[in-house]
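2 protein chains.
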Amino acid sequence: MNPREFLDSKKEVRLEELKAFLRFPSVSAKSEHAKDILACAEWLAKHMEKIGFNTKIMPTGGHPVVYAEYIKPGNRTTILYYGHYDVQPAEPFELWKTSPFEPIVENGYIIARGSTDDKGQLLTHIKAVEAYLATGQQLPVNMKFLIEGEEESGSENLEKFINDNSALLKADVVVVSDTAQYGRNSPAVTYGLRGIAFMEVKLIGPDRDLHSGSFGGAIPNPINVLAKVIASLHDESRHVTIEGFYDDVLPISEWEKKQIARLPFDEKEFLEKTGAKGLMGERGFSVLEQLWSRPTLDINGIRGGYQGEGGKTIIPSWATCKITMRLVPNQNPKDILDKAERYIRKLCPPSVKCEIIKHGGAPGVVVPTDGPWLEAAGRAIKTGFGLEPVFIKEGGSIPVVSTFKRVLGLDTLLLGWGQSDDNAHSPNERFAIADFERGCYSALALIDELSRLSR
Amino acid sequence: MNPREFLDSKKEVRLEELKAFLRFPSVSAKSEHAKDILACAEWLAKHMEKIGFNTKIMPTGGHPVVYAEYIKPGNRTTILYYGHYDVQPAEPFELWKTSPFEPIVENGYIIARGSTDDKGQLLTHIKAVEAYLATGQQLPVNMKFLIEGEEESGSENLEKFINDNSALLKADVVVVSDTAQYGRNSPAVTYGLRGIAFMEVKLIGPDRDLHSGSFGGAIPNPINVLAKVIASLHDESRHVTIEGFYDDVLPISEWEKKQIARLPFDEKEFLEKTGAKGLMGERGFSVLEQLWSRPTLDINGIRGGYQGEGGKTIIPSWATCKITMRLVPNQNPKDILDKAERYIRKLCPPSVKCEIIKHGGAPGVVVPTDGPWLEAAGRAIKTGFGLEPVFIKEGGSIPVVSTFKRVLGLDTLLLGWGQSDDNAHSPNERFAIADFERGCYSALALIDELSRLSR
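If you read the sequences in order, they're chains L and W. Mapped onto my numbering, the consecutive letters of the first sequence carry residue numbers 1 to 455. Mapped onto my numbering, the consecutive letters of the second sequence carry residue numbers 1 to 455.
Keep in mind that the hints are not guaranteed to be accurate.
A pair counts as met if it fits within one copy or between any two copies, since identical chains are not told apart.
As the list claims (entries may be wrong) - Computed cross-link-like contacts, DSS-like style, restricted to lysine-lysine with a CA-CA straight-line distance of at most 30 Å: (1) Lys202 with Lys312; (2) Lys56 with Lys35; (3) Lys46 with Lys258; (4) Lys268 with Lys258; (5) Lys268 with Lys202; (6) Lys312 with Lys353; (7) Lys19 with Lys46.
These are computed hints drawn from the structure, not numbers from a lab. Model, not experiment: these values are computed from the prediction.
Hey, can you work out the whole structure from these sequences and the hints?
Shown next as structure tokens:
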């Protein structure tokens, strides 16, 4: 029996194992689930031990990490897998059609909290290894699994863990299955994420709220001034006007343009999903280019003056806003924050006081499109799904991917088996059994593909 | 004994009467003081009855009006006096050096809640009448006193009262002493007030907060758009850009420029009072012109997106702001609101939804500077204070003055005897006994001056 045949023969057992994994209410955000979290970590470690890994449960400042490795001399490639065994809270319970921690199968889906995010997707890689080892095959790569228990509550201890264990985690590439396919029957390799930079700006006019009759028209109104500052951060084409903002932005490559052109994308459908009346992106770029390959600046919150019902005739003392910029690879968050601060201070008239807090950020990441990893991942998906994969990026940030790059120098392959409508973080979370299976086949093929690459 | 001599002879009695008036904790905003309000109204009505008025306590939807009149055939001018017998709450009590409703005299001041606002100032006019009648003189004018009990809680029933009693209140001019002198030993006639127009603008982008990674850069951000709209409401000279905004604004008259030029005004001191770092008014006008004679537009409050600590990476669904415009006489609040709405809707891109609520407003008022009233008031003050009065305006609105103009067709003379640092609305409210006395003399002279004017 070869590993693929082993996978074929174990469908039912595998589904039962997934159910066992899903029965732990390993909700990391709630302290009353601390015991469940630990029980889940122990189950996982034991399960992997049985398969043939060396495992240990490693403490952190919060919930522990399950670490497992399989290392043999002579194996060329070392893969670091990252996943998480904790889950989002299940609330609101009343919106669940079934009990969130009693997994059931219905219409080809397994329904439970954590089914797609991330227990189901994570398990595919473990089951691929089992398929090798249970059939007496030599695993052709070295493997390390870093499985955390705090992803859904902010991964507060993860960066320190990776820093403290950088030697242990040494590898050639990272594999994560915690994203989604591009669409139904459209498995995807996510090869880039935007970074982020966050700052707050507070403008202060008078030292207290003033009567707008007695002072209005002579004394600076910090809301009016802040509006002017914010308005000056974009030009009419909706380019960001901060001096030097685009200095390090790379042009969109021909390869990337080709990938985007291949993708079905319905602007009308995208717009309808948001409820907005129209699009309003940077001129000269398609929506996917705007979301994936162009940096942006958005005000996430603004506040100043009277907030209650009706009116209050004041010149407010201050106004404040929260600004995040989504960055693309090659932009440096610190550099961008410095440029933004300089520019905003220049925009501020001397009659208002300007306080700026730069909260830092994370750079964007991209897997080199001319390296070996992307193609190997694409071939594995093609084998596992029997479908041509698409290569996509994502507009958001996954901080751990930046950390792997920064601390370990590693690129990360984001291979999502789920769907964006699998209700991750929502009631009735689900995972198609067909996607679970195709994920296992792809995970198996990935081992094979990566083993053939020279380091 | 003539009326002036009578005033001279009654200083101590008059001060005791003021104290008696001040002992009523007639706090209109607090229901537990309803009895005190009524007792105060009854004391006032009885006091005026004794002097020689016909008085009645007239019910309203809230606290009653004390109405008093003195009418004789043959008297030419009818003066309508307006004042209020209610007071602000005294809280915070711990900041008072004395008990707010146990008036005491210290360093030439009488200290108590209501001493300057408005019991002390109101009483000067009543005492002037007494001086006439007690000395057997014929009062040379007809008089009506409208003394309300809800000024400090919003005058909610006043407009209806004036409307319902417009025949009763028929007069030639209104006199109000509820403002302040321009400065120490600088008694003033306030001859103009700005009006106001109030609106709220809400811009809506997506139908819920969206992830700024997945949508930022393509979907309209209503905060960014609102900032652009607000920024577009002023040009670089800080003129308001709303089309037609200045159409009905009259140029500042030579007479007014002369009055302003006569006034001591220290911009540095004015600025220091506000704590702001610099002035920021409409270019081409002095500060007093900006405050008194030019319309303005201020954002009184703004809100949108995430308001808590730290960051939240969203494209907010909506952003809203409160806008008031201070208007000058001859501008129509409804017209200005319509113009503002048209302009703002034109500024809004089609990709956001724009909701506007026009709350209405009140026009500015001005006493004609070429009519008889101002000069007569000035002469009375000169007689009473022995000082040359100044003619000033005020940047805020006093709604009842608009109501007198609109409903009764009457101009209002605002003659303030107090000082801006008399702590009206604050702990340790006070009124200089010298100002009280000079107010009485001025009130007496005013009767004389107004009686000589033809109707």
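Lys268 and Lys202: within-copy, between-copy, both or neither at 30 Å Cα: between (37 Å within a copy, 24 Å between copies)
Taking 30 Å as the upper bound on the Cα-Cα distance, should Lys56 and Lys35 be classified as within, between, both, or neither? The answer is within: 18 Å in one copy meets 30 Å, while 78 Å across copies does not.
Using 30 Å as the alpha carbon limit, work out where Lys268 and Lys258 are close: within a copy, between copies, both or neither. The answer is within: 22 Å in one copy meets 30 Å, while 64 Å across copies does not.
Have a look at Lys202 and Lys312 and pick one of within, between, both or neither, based on CA distance no larger than 30 Å. both (21 Å within a copy, 17 Å between copies)
Alpha-carbon proximity context of Lys46 and Lys258, limit 30 Å: This pair counts as neither: shortest intra-copy Cα distance 45 Å, inter-copy 93 Å.
At most 30 Å between alpha carbons: which applies to Lys19 and Lys46, within, between, both or neither? Result: close within a single copy only, 16 Å intra versus 88 Å inter.
Since the copies are identical, ignore which copy is meant and state whether Lys312 and Lys353 lie within 30 Å (CA to CA) inside a copy, between copies, both or neither. both (23 Å within a copy, 25 Å between copies)
The structure is inconsistent with hint 3 alone, although it conforms to all the rest.
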